Amino acid sequence: MREKILSYIEKNSRIDIKDLAVLLGMEEAEVANELSAMEQEKVICGYHTLIDWEKTNNEKVTALIEVRVTPQRGQGFDRIAERIYNYPEVNAVYLMSGGFDFTVIIEGKTMRDVAQFVSDKLAPQEAILSTATHFVLKKYKDHGTVLVQGSKDERMLVTP
Amino acid sequence: MRNPLSDKVISIEPSGIRKFFDIVSEMKDAISLGVGEPDFDTPWHIRDEGIYSLEKGRTFYTSNAGLKELKVEICKYLKRRVGLDYDYNLETLVTVGGSEAIDLALRAMINPGDEVLIPQPSYVSYLPCTVLADGVPVVIELKAENQFKLTRQELLDGITPKTKILILPFPNNPTGAIMTREELKEIVEVVIEKDIFVITDEIYSELSYSGNHVSIAEFPGMKERTILINGFSKAYAMTGWRLGYAVGPKEIIEQMIKIHQFAIMCAPTTSQYAAVEALKNGDEDVAAMREAYDQRRRFLVNAFKEMKLECFEPFGAFYVFPCIREFGMTSDEFATRLLKEEKVAVVPGTAFGSCGEGFLRISYAYSLENLKLALERINRFVERLRAEKCN
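Sequence order for the protein chains is V and W. Using the working numbering, the letters of the first sequence map in sequence onto residues 1 to 160. Using the working numbering, the letters of the second sequence map in sequence onto residues 1001 to 1391.
In short, the hints are calculated from the structure, not lab data. This one's a predicted model, so the numbers in the text were calculated from it and none came from an experiment. No residue lacks a Cβ here, since even glycine has one placed at the ideal position from N, Cα and C. Hints are not guaranteed to be accurate.
Part of the chain V face toward chain W, derived, beta carbon under 7 Å [claimed, not checked]:
| hint | residue |
| --- | --- |
| 1 | V22 |
| 2 | L23 |
| 3 | G25 |
| 4 | R155 |
| 5 | L157 |
| 6 | V158 |
| 7 | T159 |
| 8 | P160 |
Here chain W stands alone, though its shape is the one from the complex (with noise of 0.2 Å):
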């Protein structure tokens, strides 16, 4: 028989976390904080809006590119949080959860052989999209000394002619790190002057502790050559329903919707429907767990910090990033150790890129006695470490 497998696919490592995955599920009564989802319900109104529209019958195909009473509140949303105006009809597409959108705007974007820049670390997704669209993945690595943040100079290094777009994933999964309307300034002069497209991943937007997210297609001259993808998944607490949307030039997203409709035909509609209601009426909820999460985030930076572990403060998403050189171990050996020693899951910082080596992700996606337990048992573990290397 014939090789059934594409080469391209073989070619592509599959996820880091997944190693991961199959170690912990092994293991009986292992406390995890190694989630990326939030530990919230999806608020009440939101779900019972799904299920009215499901006992209503309403369970055909959307339009490909989504609702159009969704793809208006997606705009109103937008107007409303970042002041961005999109036209719902011509400049927004509907996707099933964020990563969709990823992909689409790699494949509607990439001829063979165009870079994408990429900082690591960052989600797992964007770099094998990339290479299944034929494009060609170039990492930036991002410094904990720069806390996590890309500047002007590694995105100027990263340049070559054949940089067509680059991907910006703030707030950061996973080390939380985000950028501040000057930081992202001296990006926005660069981009435009290099002529390179942005895909910006802004699906934790609405988890930014530091005062309101700013997203990069504010500034003037960078809508026209931005992808923005969001989605519902982080801010509504609603990982399950794969829900997201992305906005941009219309000759982009008609390309996308392209894709989208041979792919994938539409989301999900009762998705779709609750999305609506979370849009209309769910900032309260938003705001109610934006601030549970940044509770948790101050006690754990501090945790970290009674530790003496080092660890920058994050003001996004819901990661602490803690490193860990100083006991001369790689990420994956102490991620496998304190999960057998002390059954605490914790994903390494390699599943996010190479240059997460020395560092791990820790989500504080959990509640308050869960994350003390935890610490409990890290600060324990890390202790025993110091102890070791001391005889």
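This is chain V alone, in the form it adopts within the complex (with noise of 0.2 Å):
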């Protein structure tokens, strides 16, 4: 039941505990339990709201950074990547297989500002070897949201 519950939430977050009780046909006390359960065990951590940015006043350009690292004796890649992931201007940190060991995701005002932070913060840290930083031009679709167009419900108003 759980994974019903977290593949709901997962598109809609804001919905009714009641409602979403009725959609999976069960009671709204299960849900209510379940949900604070897996609050609780860091199943579940968080609920954000996916922004379009570019439809606001607000400026703000996000980059992908490719970065190869030397794991350190005893840590591997954990501690390299805490000291990456600490900075609040990083969104997210992963770590990956193939020719680079970590995607750094990172939000910035102004490009400068991210070159800053990647020159000033990333680059000079030991245990780094190199970065490639890519900039994102458009973002058509994010967390399975299709961001570029509204669709409409063409459908007849009524069919057999």
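Two chains, two frames, a set of hints: combine them into the complex.
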């Protein structure tokens, strides 16, 4: 049942618990209990809002940085990851397979902000061998949601 | 000038839905719960395969009965989902939607005067297609107290020495009723004993919410007297591609192919290529859409319960069929007032047969937000009617 709750709220975390219980054929109390249990167990890590900043006056740039590192003795990648993810401007850090080690996603006000972060904070770190910064030019789809076009119901109003 | 028209065609009533459509389309900003098709787009990988077939220049006719590859996949699918073995070559025909298959089956099997049993409420085309094929439609009126399932006794009451065909429309549009294995078994006994044939319209088979769909063709002795009709419209959200199929005894399919070959040639080639992809890699999409419908189904049934509107729980298709008899209005009056006063379009039960009087077909092929908004309005309307009645 947890998976059903999760797969629903992953798409819409603002749904009423009462409605969610009806949709899933569960008792309201049962859903509420599962939710709070999952919050405590950190299965549910947060309820965020997907925002298309393009449509606001707020300027924002997103960059995806490929980072190559030398893992440190006894601590592997985790210690380096921590040194990166503790910066508040870092949105996401993933350990990768393949040609580089980390993907770091960062958000800044301007490209200059991002460049400064890379040159002042990332690149000088001892364990970091190299970085390659890619700026996001346009977000078409994020978190499973298409941002570029609104879909319209074009069906006829009444059909057999 | 002489009368250019056929008396037979003139005798056929235009679809009741059509009348309602004309009223609705004049309303601005009406919310509709009136459609009989999925709200999902066709899954992208299926659309992509259709596009790819066009890019490849696959723009020719296919063989009359359909692409071999598609027929093979249809037979594999039927084996996988209902455990039935059909010969792709002799027992399978790809049609322009399930609707064409219904028409072909009736035309291939009816001799003038043969009686065709049509349980109602049901899809709008069975009766006119029977008449056009010179058959005599005999309506079996299904009842709310049986949850609109066909019972053994109702079937027996409809049978005469002239009865040749039973149409079996489950999961049902508009009621959402399904038939379980036990319930079908009782029908099977009568059908075999009375030596009649079955056209089973299983277009909503994938939208069953209480376990897997059961086909009447699965029962011993039934495959040889059953034309099974299904298609891609509901399961894969492919209504506009117009693609369905029929499987059954080769003697009947052969004659259906003959009519199809002269009337249609072949089903659209692009759609057939897309459908191959749907059957090969579409099971997960179907499961995801089924889950979404099931959630909304529970939501709607619960909402009507809270409104204290009598409504049995449907286990198939994407419709609920609440009863509005308490208001002392016909379905048509209720639906028309609901549309005018609250701008919500639903379909009167009578569009699917006169025994749909007192009921409404409400579709849940809509987003939750849309359903909620519509339900609020229906609730307001229902409360107003109850207040009117008290005064």
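Compare the structure with the hints numbered earlier in the document and write down the numbers of the violated ones, lowest to highest.
-> Failing hints: none at all.
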